[in-house]
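There are 2 protein chains.
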Amino acid sequence: MSIGLAEIRLARVALGWLVEPGNRAVYQSVSRHGPVRVLDGLLSAGLDDRLRRAAGARLGAADPRALAEAALERAERLGARVVVPEGDEWPRQLEDLRHLGAGETDPLERDVAPPLCLWVRGPSRLDEALGRSVAVVGARAATPYGEHTARLIGYELAQRDWTVVSGGAFGVDAQAHRGALAAGGLTVVVLASGVDRPYPVSHANLFDRVAEDGLVVSEWPPDTDPFRHRFLIRNRVIAAATRGTVVVEASARSGALQTLRRARQLHRPAMVVPGPVTSAMSVGCHESLRKEDVRLVTGVGHILEEVGRVGADLAPPPRGPEHARDGLDPPRRRLVEALLTRKPLPLDELAARAGVPLRDAMRLVPGLVSGGFAAERGSGYVLAPPPDRLLAGAGPPADGPANPAARS
Amino acid sequence: MSIGLAEIRLARVALGWLVEPGNRAVYQSVSRHGPVRVLDGLLSAGLDDRLRRAAGARLGAADPRALAEAALERAERLGARVVVPEGDEWPRQLEDLRHLGAGETDPLERDVAPPLCLWVRGPSRLDEALGRSVAVVGARAATPYGEHTARLIGYELAQRDWTVVSGGAFGVDAQAHRGALAAGGLTVVVLASGVDRPYPVSHANLFDRVAEDGLVVSEWPPDTDPFRHRFLIRNRVIAAATRGTVVVEASARSGALQTLRRARQLHRPAMVVPGPVTSAMSVGCHESLRKEDVRLVTGVGHILEEVGRVGADLAPPPRGPEHARDGLDPPRRRLVEALLTRKPLPLDELAARAGVPLRDAMRLVPGLVSGGFAAERGSGYVLAPPPDRLLAGAGPPADGPANPAARS
Numbered sequence: 001m002s003i004g005l006a007e008i009r010l011a012r013v014a015l016g017w018l019v020e021p022g023n024r025a026v027y028q029s030v031s032r033h034g035p036v037r038v039l040d041g042l043l044s045a046g047l048d049d050r051l052r053r054a055a056g057a058r059l060g061a062a063d064p065r066a067l068a069e070a071a072l073e074r075a076e077r078l079g080a081r082v083v084v085p086e087g088d089e090w091p092r093q094l095e096d097l098r099h100l101g102a103g104e105t106d107p108l109e110r111d112v113a114p115p116l117c118l119w120v121r122g123p124s125r126l127d128e129a130l131g132r133s134v135a136v137v138g139a140r141a142a143t144p145y146g147e148h149t150a151r152l153i154g155y156e157l158a159q160r161d162w163t164v165v166s167g168g169a170f171g172v173d174a175q176a177h178r179g180a181l182a183a184g185g186l187t188v189v190v191l192a193s194g195v196d197r198p199y200p201v202s203h204a205n206l207f208d209r210v211a212e213d214g215l216v217v218s219e220w221p222p223d224t225d226p227f228r229h230r231f232l233i234r235n236r237v238i239a240a241a242t243r244g245t246v247v248v249e250a251s252a253r254s255g256a257l258q259t260l261r262r263a264r265q266l267h268r269p270a271m272v273v274p275g276p277v278t279s280a281m282s283v284g285c286h287e288s289l290r291k292e293d294v295r296l297v298t299g300v301g302h303i304l305e306e307v308g309r310v311g312a313d314l315a316p317p318p319r320g321p322e323h324a325r326d327g328l329d330p331p332r333r334r335l336v337e338a339l340l341t342r343k344p345l346p347l348d349e350l351a352a353r354a355g356v357p358l359r360d361a362m363r364l365v366p367g368l369v370s371g372g373f374a375a376e377r378g379s380g381y382v383l384a385p386p387p388d389r390l391l392a393g394a395g396p397p398a399d400g401p402a403n404p405a406a407r408s
Numbered sequence: 001m002s003i004g005l006a007e008i009r010l011a012r013v014a015l016g017w018l019v020e021p022g023n024r025a026v027y028q029s030v031s032r033h034g035p036v037r038v039l040d041g042l043l044s045a046g047l048d049d050r051l052r053r054a055a056g057a058r059l060g061a062a063d064p065r066a067l068a069e070a071a072l073e074r075a076e077r078l079g080a081r082v083v084v085p086e087g088d089e090w091p092r093q094l095e096d097l098r099h100l101g102a103g104e105t106d107p108l109e110r111d112v113a114p115p116l117c118l119w120v121r122g123p124s125r126l127d128e129a130l131g132r133s134v135a136v137v138g139a140r141a142a143t144p145y146g147e148h149t150a151r152l153i154g155y156e157l158a159q160r161d162w163t164v165v166s167g168g169a170f171g172v173d174a175q176a177h178r179g180a181l182a183a184g185g186l187t188v189v190v191l192a193s194g195v196d197r198p199y200p201v202s203h204a205n206l207f208d209r210v211a212e213d214g215l216v217v218s219e220w221p222p223d224t225d226p227f228r229h230r231f232l233i234r235n236r237v238i239a240a241a242t243r244g245t246v247v248v249e250a251s252a253r254s255g256a257l258q259t260l261r262r263a264r265q266l267h268r269p270a271m272v273v274p275g276p277v278t279s280a281m282s283v284g285c286h287e288s289l290r291k292e293d294v295r296l297v298t299g300v301g302h303i304l305e306e307v308g309r310v311g312a313d314l315a316p317p318p319r320g321p322e323h324a325r326d327g328l329d330p331p332r333r334r335l336v337e338a339l340l341t342r343k344p345l346p347l348d349e350l351a352a353r354a355g356v357p358l359r360d361a362m363r364l365v366p367g368l369v370s371g372g373f374a375a376e377r378g379s380g381y382v383l384a385p386p387p388d389r390l391l392a393g394a395g396p397p398a399d400g401p402a403n404p405a406a407r408s
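Each protein sequence line maps, in turn, to chains A and B. Numbering follows my numbering, in which position 146 of the first sequence is assigned residue number 146; successive positions increment by one, without gaps. Numbering follows my numbering, in which position 191 of the second sequence is assigned residue number 191; successive positions increment by one, without gaps.
Because the hints were derived from the structure by calculation, they are not lab data. Each residue gets a CB set at the ideal place from its N, CA and C atoms; glycine is no exception. Some hints here could point you the wrong way.
[To be verified] Derived list of chain A stretches under chain B, where covered just means 3 residues or more per stretch with a C-beta under 8 Å from a C-beta of chain B:
| id | stretch |
| --- | --- |
| 1 | 8–22 |
| 2 | 143–156 |
| 3 | 269–281 |
[Stated by the list, open to error] Using 20 Å as the maximum straight-line C-alpha spacing, the simulated SDA-like pairs for lysine to any residue come out as follows:
| id | chain 1 | residue 1 | chain 2 | residue 2 |
| --- | --- | --- | --- | --- |
| 4 | B | 291 | A | 290 |
| 5 | B | 291 | A | 295 |
| 6 | A | 291 | B | 308 |
| 7 | A | 291 | B | 292 |
| 8 | B | 291 | A | 372 |
| 9 | A | 291 | B | 295 |
| 10 | B | 343 | B | 384 |
| 11 | A | 291 | B | 293 |
| 12 | A | 291 | B | 300 |
| 13 | A | 291 | B | 304 |
| 14 | A | 291 | B | 302 |
| 15 | B | 291 | B | 264 |
| 16 | B | 291 | A | 292 |
| 17 | A | 291 | B | 287 |
| 18 | B | 291 | A | 300 |
| 19 | A | 291 | B | 299 |
| 20 | A | 291 | A | 267 |
| 21 | B | 291 | A | 287 |
| 22 | A | 291 | B | 290 |
| 23 | A | 291 | B | 306 |
| 24 | B | 291 | B | 267 |
Go ahead and model the full structure; you've got the sequences and the hints to work with.
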């Protein structure tokens with residue numbers, strides 16, 4: 001009965017060839033029946049009409065499994081890999097997209113489901129690179145002001161250990177990536193073409209530099225062209241992968257505003273950098289700022305205020321004894337920081353708060369206990385030393401107060 | 001029993017010399033007992049201690065009535081006049097300030113009562129000039145961007161028949177006045193010194209140009225110096241006199257932000273023009289925009305959207321037969337436009353909606369009826385021709401529909 005990860009991967013890649021990413025009907029079918037059965041059904045005409053219509057144009061044109069195998073081989077030669085929801089590396093936050101598109105009839109608004117799979121080039125783990133990430137997007141025809149601001153924000157986010165995610169385009173996108181690289185930080189390019197088809201072509205070198213530490217990501221298999229509508233489909237991934245989206249310069253109809261709208265739909269912070277009212281490249285920014293739920297930000301301080309509200313890992317900066325945790329890698333550090341609560345956390349809650357997959361938490365937490373960072377307490381875990389002492393500076397231990405009156 | 005306007009004016013001027021403008025205790029006493037009795041009481045030690053303390057420093061130093069007479073004579077020689085609440089020309093909206101300052105202990109926050117009187121230089125009626133007005137204020141050390149934007153906003157407001165009110169300072173204030181003058185519109189300078197004491201001195205020519213059509217206004221008698229704290233006292237008048245306040249460039253601690261805050265306290269639209277995040281002259285603007293109740297505006301279109309919500313005189317632009325009303329002067333036009341409702345308006349409600357003093361409405365409305373602009377209906381007034389016909393284009397008369405079904 002059990003289906004291997006390789007077979008799942010192949011089925012998802014094949015489905016991704018049959019339908020454009022984001023297709024809601026296919027996503028729902030895959031959620032219910034699994035990718036292998038959905039692919040089998042499509043190929044043997046056993047599934048419902050809606051799905052067959054979604055895949056219609058490509059059904060029968062070629063053998064999707066053979067094409068998927070060829071794509072996977074090509075990716076391997078390129079040093080790229082496929083990441084699927086069934087694997088460890090999948091960024092869970094992308095699944096938030098499943099709440100979008102219900103009841104919509106316009107395909108552009110309806111077909112915004114989570115990706116079936118992601119093609120990834122680069123050494124970082126995708127889920128870890130995106131765990132603490134911010135999208136910085138904006139105008140291709142950016143002004144020097146916009147380019148300067150995007151670069152500075154990229155630089156300062158990376159300095160603070162935040163991954164900068166963008167679309168690799170001219171102007172704001174590229175400067176955000178470059179700023180992050182200049183700070184020696186991680187940055188992720190989400191392309192609307194295959195990971196071996198840099199777009200714009202002149203950014204091939206930039207993407208190669210990104211892929212040295214960070215990641216180049218796409219929903220489309222290698223060798224896919226960046227058709228116009230794919231940028232709009234792609235934008236939802238940038239919004240969903242990150243803790244929040246910042247727009248730096250946008251003309252009235254900029255695609256960056258669509259990414260911002262997706263962020264709002266996903267209840268992620270939607271942030272905009274203002275500019276001179278005399279600049280056409282800020283018209284879209286200012287119109288957005290006149291809406292509800294869009295926050296004006298002038299720099300990284302404001303951005304971190306917004307994204308810090310979302311997760312636990314922007315807790316007050318650690319002081320004193322817990323500096324040892326600075327030496328931990330990101331998932332371990334997130335687990336330890338998630339323990340900054342007064343009551344013990346069961347393992348599954350701890351994993352959820354830390355944004356770490358449960359199976360990773362099961363693997364990592366015992367080491368944190370033996371390393372003196374965490375301690376078991378009942379059926380859960382607490383910070384070691386106890387949080388009372390850490391937070392109050394020198395309070396009594398939580399389970400044996402020397403002077404109860406001092407607590408009031 | 002009845003006290004003449006000249007006596008009232010003298011008493012208010014004398015009280016204004018005894019206490020700084022805005023004093024809440026004096027304002028409340030004057031509201032209750034009238035200015036003449038309050039002055040008598042102060043001079044004869046018959047009033048309560050709180051008032052005597054407010055006037056303490058100056059009581060006994062000179063004869064306030066003699067000083068007031070001298071100031072009035074001096075003003076007359078300058079071509080200036082005193083406007084008091086008991087007279088026709090008083091801008092009623094200033095009385096909204098009486099709601100502010102309750103329960104405050106800091107004098108700067110407590111003593112923000114309406115002015116006792118205003119010294120005015122210029123040919124326009126003060127109430128009419130301020131009836132359709134917007135405050136445009138901002139940094140003295142404005143950048144070329146801020147100066148350009150302030151001037152453009154001043155110009156475009158004046159083009160649309162809005163009075164531009166500001167403080168006459170270097171930078172944004174001066175450019176807003178200049179923009180209004182360039183459009184041939186009305187502008188009002190509210191000074192923190194006597195109307196004969198231009199501050200800054202180099203703006204003496206600017207103020208003279210303003211006073212050719214518009215007004216130079218002050219709460220302080222002629223020859224008063226612009227002490228530092230007087231600018232803050234003055235700001236409440238700019239906010240209260242206008243339909244809304246626009247800030248164009250403001251550093252983090254700009255006085256313009258105080259005017260903005262007063263506008264918010266008065267529930268008037270508080271508007272801010274953004275700028276580059278790299279500019280220190282926009283830091284105060286952006287911080288304000290991150291607060292609630294502050295609207296980002298990029299130009300006059302946005303500004304009129306905001307101030308248009310406040311009064312009736314931004315009703316849909318008149319069409320067809322009512323173009324004749326364009327030939328009316330502002331109070332008459334406001335009265336006619338206030339009639340754009342379906343039910344007859346009693347005279348007092350009509351006056352309130354039009355923002356016209358009741359005694360003026362009593363004087364003006366009969367002429368509007370005989371001129372064919374308005375008609376009596378029961379105990380109120382309606383637009384003539386009837387609003388149904390005007391608004392629907394060619395509907396049946398309100399009181400005798402030819403085809404009732406056509407109304408649904």
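Given the hinted pair residue 291/B and residue 292/A, is their Cα-Cα distance within 20 Å? Holds, at roughly 12 Å.
Against the 20 Å threshold, does the CA-CA distance of residue 291/A and residue 292/B hold or violate the hint? holds (12 Å)
Could you grab the alpha-carbon distance between residue 291/A and residue 290/B and see if it respects the 20 Å cut-off? holds (12 Å)
Quickly compare the C-alpha distance for residue 291/A and residue 304/B to 20 Å and report which way the hint goes. Measuring from Cα to Cα gives roughly 17 Å; hence the hint holds.
Restraint status (C-alpha distance of residue 291/A to residue 306/B at most 20 Å): Since the Cα atoms of residue 291/A and residue 306/B sit roughly 14 Å apart, the hinted pair holds (cutoff 20 Å).
Please verify the coverage claim for the stretch 269–281 of chain A: does it have three or more residues whose C-beta sits within 8 Å of some C-beta in chain B? With 6 residues closer than 8 Å to chain B, the stretch 269–281 of chain A meets the three-residue bar; holds.
Given pair status - residue 290/A, residue 291/B, alpha carbons within 20 Å: Between residue 291/B and residue 290/A the Cα gap is close to 12 Å, so the pair holds against 20 Å.
Is the hinted pair residue 291/A and residue 299/B satisfied, with a Cα-Cα distance of at most 20 Å? holds (16 Å)
Between residue 291/B and residue 372/A, is the straight-line Cα distance small enough, at 20 Å or below? Violated, at roughly 44 Å.
Within a Cα-Cα threshold of 20 Å, do residue 291/B and residue 267/B meet the stated pairing? Status holds; Cα separation ~15 Å.
Pair hint residue 291/B and residue 300/A, alpha-carbon separation not exceeding 20 Å: holds (18 Å)
Check the hint pairing residue 291/A with residue 293/B against an upper bound of 20 Å on the C-alpha distance. Since the Cα atoms of residue 291/A and residue 293/B sit roughly 12 Å apart, the hinted pair holds (cutoff 20 Å).
Hints 1, 8 from the earlier list are contradicted by this structure; the remaining hints agree with it.
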